[in-house]
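The chain contents come next:
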Amino acid sequence: MNVQARKDQAREDQAREVQYRQGDVLLIAVDAIPGRAVPVPRDQGEVVLAYGEVTGHRHAIAEPHAELLALPDQEVERRSLRIAGDEARLRHEEHDTITVPPGTYRVIRQREYVPPAPSRSSRRFRPVLD
Amino acid sequence: MIRLTRSRIERAREIHDEWRRHALATTPADRPAAEQAVRRLYDLGGHPPPRFVWTDSPAGTLLAIRAMSDDHRQAPGAGLLHDVLHRRPLPAAAWRYERTLGRRRRLTGRRGGGDLGSVLASPPVPVGPVTRDRLLMPPGDWGVPPFQRVLSSALRPYVEPGFERLLYDFAEQCHTGQFDAQSIGSDFIYRELGLVALRPEYGERLDLLATLARSAGPWWPFPDVCVMTERPVRFEVQPAPPGRGHGWMVLHSLDGPALAWRDGLAIHAWYGAPVPERYTAGELTAEDWLGEPNAELRRLIAEQMGYARLLDDLRAEKIASDEYGTLWRIFPRHIDDEEVVLVDVVNSSLEPDGSQRRYVLRVPPDQRVPRDAIGWTFGLPPGTYHPAEMT
Numbered sequence: 285m286n287v288q289a290r291k292d293q294a295r296e297d298q299a300r301e302v303q304y305r306q307g308d309v310l311l312i313a314v315d316a317i318p319g320r321a322v323p324v325p326r327d328q329g330e331v332v333l334a335y336g337e338v339t340g341h342r343h344a345i346a347e348p349h350a351e352l353l354a355l356p357d358q359e360v361e362r363r364s365l366r367i368a369g370d371e372a373r374l375r376h377e378e379h380d381t382i383t384v385p386p387g388t389y390r391v392i393r394q395r396e397y398v399p400p401a402p403s404r405s406s407r408r409f410r411p412v413l414d
Numbered sequence: 006m007i008r009l010t011r012s013r014i015e016r017a018r019e020i021h022d023e024w025r026r027h028a029l030a031t032t033p034a035d036r037p038a039a040e041q042a043v044r045r046l047y048d049l050g051g052h053p054p055p056r057f058v059w060t061d062s063p064a065g066t067l068l069a070i071r072a073m074s075d076d077h078r079q080a081p082g083a084g085l086l087h088d089v090l091h092r093r094p095l096p097a098a099a100w101r102y103e104r105t106l107g108r109r110r111r112l113t114g115r116r117g118g119g120d121l122g123s124v125l126a127s128p129p130v131p132v133g134p135v136t137r138d139r140l141l142m143p144p145g146d147w148g149v150p151p152f153q154r155v156l157s158s159a160l161r162p163y164v165e166p167g168f169e170r171l172l173y174d175f176a177e178q179c180h181t182g183q184f185d186a187q188s189i190g191s192d193f194i195y196r197e198l199g200l201v202a203l204r205p206e207y208g209e210r211l212d213l214l215a216t217l218a219r220s221a222g223p224w225w226p227f228p229d230v231c232v233m234t235e236r237p238v239r240f241e242v243q244p245a246p247p248g249r250g251h252g253w254m255v256l257h258s259l260d261g262p263a264l265a266w267r268d269g270l271a272i273h274a275w276y277g278a279p280v281p282e283r284y285t286a287g288e289l290t291a292e293d294w295l296g297e298p299n300a301e302l303r304r305l306i307a308e309q310m311g312y313a314r315l316l317d318d319l320r321a322e323k324i325a326s327d328e329y330g331t332l333w334r335i336f337p338r339h340i341d342d343e344e345v346v347l348v349d350v351v352n353s354s355l356e357p358d359g360s361q362r363r364y365v366l367r368v369p370p371d372q373r374v375p376r377d378a379i380g381w382t383f384g385l386p387p388g389t390y391h392p393a394e395m396t
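Residue numbers (the numbering used here), protein chains in the order written: chain A, 285 to 414; chain B, 6 to 396.
What you were told as hints is all true, and nothing was included just to trick you.
Distance windows between CB atoms, simulated:
| id | chain 1 | residue 1 | chain 2 | residue 2 | range |
| --- | --- | --- | --- | --- | --- |
| 1 | A | Ala-368 | B | Tyr-173 | 49 to 55 Å |
| 2 | B | Ala-202 | A | Pro-318 | 57 to 63 Å |
| 3 | A | Glu-330 | B | Ala-393 | 20 to 26 Å |
| 4 | B | Arg-320 | A | Pro-325 | 44 to 50 Å |
| 5 | A | Glu-371 | B | Pro-33 | 56 to 62 Å |
| 6 | B | Ser-12 | A | Ala-368 | 41 to 47 Å |
Don't read these hints as lab results, they were simulated from the structure.
Treat the numbers as computed from the prediction; the structure is a model and nothing was measured.
Note that CB positions come from ideal geometry on N, CA and C, so glycine has one too.
I would like the entire structure built from these sequences, with the hints used as guidance.
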């Protein structure tokens, strides 16, 4: 398989993955969670995928069989969600609830483009904190 | 050990609610009651009764104190009569007894807590941390912090540059009167539920300070003169977002100042984050939206302005529209600016009024397909964004 074909294959695989979006959080079904990932503690008994920086609204799952995992040295952008056994409900103050089937997911926070500042930084985006 | 009964929690909640009302009161000060309490406090300290200067806000108080002082560089707290202000928060006093002095079963000790004997008549009833928290912050209740720190920036225009120290000391000392009400409420919970027995002299002092907390703003006792502050005319709060002070209120008002006094001193804040006055005065412009680095504040700006007006003000031109959203382009204002491309994302969730919530995000200038632009915001390559469900 040449490089282009492999790229196309990867893209097709990606296109088949199930995605769920709730506001600024996207869940993508994945086959496995990185082995080094460790559980993120619950907040007030809930798995919180993301907080609003100002309003404090949260994307949260209350079911006990959901678990959020993060690589120890990674930012919030690289996190995984495991839902074991039964489906779980992802809730948020301003969005309708999404029922997520059991499985493993990558949790992606929405980001925004930041134009390059001349000489200041090379950051091309910043996270959206809804 | 005290038992945590339903009736005790209910009574604590009632006291808590009452003092929260005092903490947030916006009625004019009860000047006769406040002055009488101050006179008695001066009397207890052996000071002659003071002359009273009333000001309309902490800004007025700051200027009045500056005008009194010969040396402006002298901290405003330096001449204060601290024996008149003296108060010992009872939950902290009881905790201190439990942790240190109680081991020796004495109310006095050499290390720091020596004055507990002048406050408490007998050792406090032991209270576990869970009971203490449930009584001081009944479930579902929210405390009102003194807000003295947020005053600093609002007061800065009132003093010349170089007086940061004066400003800092002043703001730090702004925790009396109304700004003390929540903490006085905690003292009352401890006293009324019998967790502490106060010495009569201290009991009178607490009642006088409580009278001040429910009748006036912060007050400043100096020899011969006491500067008294009026209460604010507007005080808007709401529970703090998690992680930013759970259990406490933060200043919040989308339209108009969150905290304002009659002479115009005002603090504008959204969910506790200070914002410029024009944000809440209906004078928002597209420039504010473009310049605000916090995405959530920016969304609040856009919602205050309305997306239609925002895109209109920006003279945005539609690039494309699909089932996921709309892509807009704004031509650069300066020759070396990059073109601004925005994707207008519509949430599927309906608002209570049946409308759909929108938000607008900036994407790289080469984006041309709304669906791919939204995919980019999630780090996805073109053609791979296809949520099975979105809300």
